[in-house]
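If you read the protein sequences in the order shown, they are chains A and B. For the first sequence, the positions run 0 to 397 when numbering that gives the first Met the number 0 is used. For the second sequence, the positions run 0 to 397 when numbering that gives the first Met the number 0 is used.
Honestly, the hints are just simulated from the structure, not real lab data. Heads up, some of the hints might be wrong.
Put simply, identical chains are the same to the list, so a pair is met inside one copy or across any two.
What the hints assert, rightly or not - List time: in silico DSSO-like cross-link candidates among lysine-lysine, alpha-carbon distance up to 27 Å:
| hint | residue 1 | residue 2 |
| --- | --- | --- |
| 1 | K384 | K64 |
| 2 | K21 | K9 |
| 3 | K251 | K9 |
| 4 | K352 | K320 |
| 5 | K251 | K24 |
| 6 | K2 | K251 |
| 7 | K251 | K143 |
| 8 | K365 | K152 |
| 9 | K195 | K2 |
2 protein chains.
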Amino acid sequence: MAKINSRYQKVSQGYFSTEIAKRAKPFLDSHPGAEIYRLGIGNTTEAIVPSVIEGLRKGVEKLAKTETYTGYGDEQGDSRLREAISKWYAKRAVSVEPSAVFVSDGAKSDCANIPSIFSDDAVVAVSDPGYPVHREAAVISGKKVVSMECLEKNNFMPTMPERADLLYICSPNNPTGTVATRKQLESFVAYARKNKAIIIFDAAYSEYVSDQALPRSIYEIEGAKSCAIEIQSLSKAAGFTGVRLGWTIVPKELQTEDGAEGMLNRFWSRRQTTMFNGASNIAQEGGLAVLSPKGQRETHEQVAYYMENARIIREGLSAAKMTIHGGVDAPYIWLQCPRGLSSWEFFDELLTKAHVIATPGIVFGKGGEGYMRISAFGHREDVEKAVHSIRKNFGTIA
Amino acid sequence: MAKINSRYQKVSQGYFSTEIAKRAKPFLDSHPGAEIYRLGIGNTTEAIVPSVIEGLRKGVEKLAKTETYTGYGDEQGDSRLREAISKWYAKRAVSVEPSAVFVSDGAKSDCANIPSIFSDDAVVAVSDPGYPVHREAAVISGKKVVSMECLEKNNFMPTMPERADLLYICSPNNPTGTVATRKQLESFVAYARKNKAIIIFDAAYSEYVSDQALPRSIYEIEGAKSCAIEIQSLSKAAGFTGVRLGWTIVPKELQTEDGAEGMLNRFWSRRQTTMFNGASNIAQEGGLAVLSPKGQRETHEQVAYYMENARIIREGLSAAKMTIHGGVDAPYIWLQCPRGLSSWEFFDELLTKAHVIATPGIVFGKGGEGYMRISAFGHREDVEKAVHSIRKNFGTIA
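Just chain A, same shape as in the assembly (with noise of 0.2 Å):
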């Protein structure tokens, strides 16, 4: 007699997206006519930059010949791809052996699935306001969760918890939009190696730093290795929200209270080989492509675009006299709801009056009511017209 995992009943009904589009539609039936600005998901925009595209038509090209055909790929990811990131990494003076990287379809999929490595009563501590992913994976796989709070008064950094076994750590951060510091990663890796217990980096955002003095590896931070693992992705980095394509890095040297050395890497290689088959091969050429130098030019171009995006919200919002962090040196902008308003209240207002649709803080948790979350991911035109009906509609433009 099949039953349910009950524990699907103690996350909401639908993944986030899902509930903001519910919540918009009644405005949205009522207004057909009606232009909407969407900075609610971080959803790419913008075309796949050349040089990728010539990856990825490579990758279907292959595909076209007996002689070039391939299908299974190697385990853990083509061996050209993970030499790649290796010298990426190696690029910005962090050494990574191409046996700790997995490559994956992207950074979801790692993050909500790295816990099935630890034991069932890991306590896994998460962010809040957090990535949902982070805990909610957690909460369905029934392993215990913990918050730490992400508050302006602590600068939006997690506050240690009491005790976890494993942490989740976003830099940049998702939804608030800031980053930690040297510093901070330093006091977390000390934390972790004190505690044995393992930080999970997810790095998803790191290309949206520019300010050279922030670390955009956990792996930047002295002794990290023992006690790490961090999630990257190509989806923002590149516009492969689609497309699909991230690694996960497992070093060898992570400490665990019970396992030997190099245990943990030979689990999650037998996680993914037995649990997923690996990244499309087209997706994998497209991301050597990535990696290339002309790739990191172009892409990093592409990134630069999405920041200009941030600069004109910042600004507009600034202008708009709102209280607004983040979006420096991040895709996000972490917005205080006026008028002590709760983020769902001011979600309506500004779809009702502006007709902008943002992202609620209290979907990333408790600790993000009173917030909205502002994506500076769109058609610079749609950002600007966005812009505009938020200064006219509060009041700055007359």
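Given chain A, put chain B in place with the hints provided.
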């Protein structure tokens, strides 16, 4: 203090392809010039057919222009593709709603992850021999596993378990190459309905069935929608082993002991939107092409190519006086090891005498001991050489 998931130590260190590579290595290293014929892993070898290449190209070109670029896709998969899948079933007189279709990156992930929507104490019945993922994913995730023997005395059909909540049934079968008849599937559906169990029907090889009397979908059986989830893959049907695309059907009609109607469908939706982020949009565009009339014609021709390989292998092995099963409506031949040899003993003999690599039955479970799985995937020339080598070295060609 992080601890490991020690259940990873209950499965062999590597996935079986790794084990085979390891076992073959000493011989390969000491015979560097030898030509080796690989009939081991079920990996496709022929170029993807022209109409599908065209679809994949279209997928890439859409990403090259901002007007056609797409980021995150529809939840559950591209709605055009889900419509096409629904119509594909309709042609087989099976009714599947697009809302029951979940597009994925392949059958392996879905087979491994589907138990997530069921309670932790679910008893999972897997075939022995069987596709290792069914058993190993359940072991790793901590569910109780029971074996259903699939032995010659029962025509390699799984024996009904005394008690089980989830039953993995794979037809056409990997590894035995046998196919369940309508009557046999009817008895499984009757068992599941009586016991409120859920069948996980792994249909990854359905396109290899040419006998029109044999069911290609569990939903051809009356009542199956209330008790069966079906998992499909384009890996073997369209050479997508590296491209990665499949789908899973979770009917809203499914009945469980405690869940309301539609609940499992909703839970799987939540699982996939939280712990997965959709199949690559390029692969999905390819999938649409596979399901087009031209794509169906061309991919069925490719299946026929592999099935001609199967015929050549069957005839060759029979001529070598070997006892074989399967390989008629499935791309695998199940060979009984001669002279009472164990699978690994015969693996060594095949390799050292005939330079052929096949898969020892024992990697599929205890019930596979004494058998070898011979795969029909390969270039015609290589398959012919392999068969010639077996016949020559096992005494039926002078």
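>> For a quick check of understanding: which of the numbered hints are violated here, in increasing order?
In response: No hint contradicted; all consistent.
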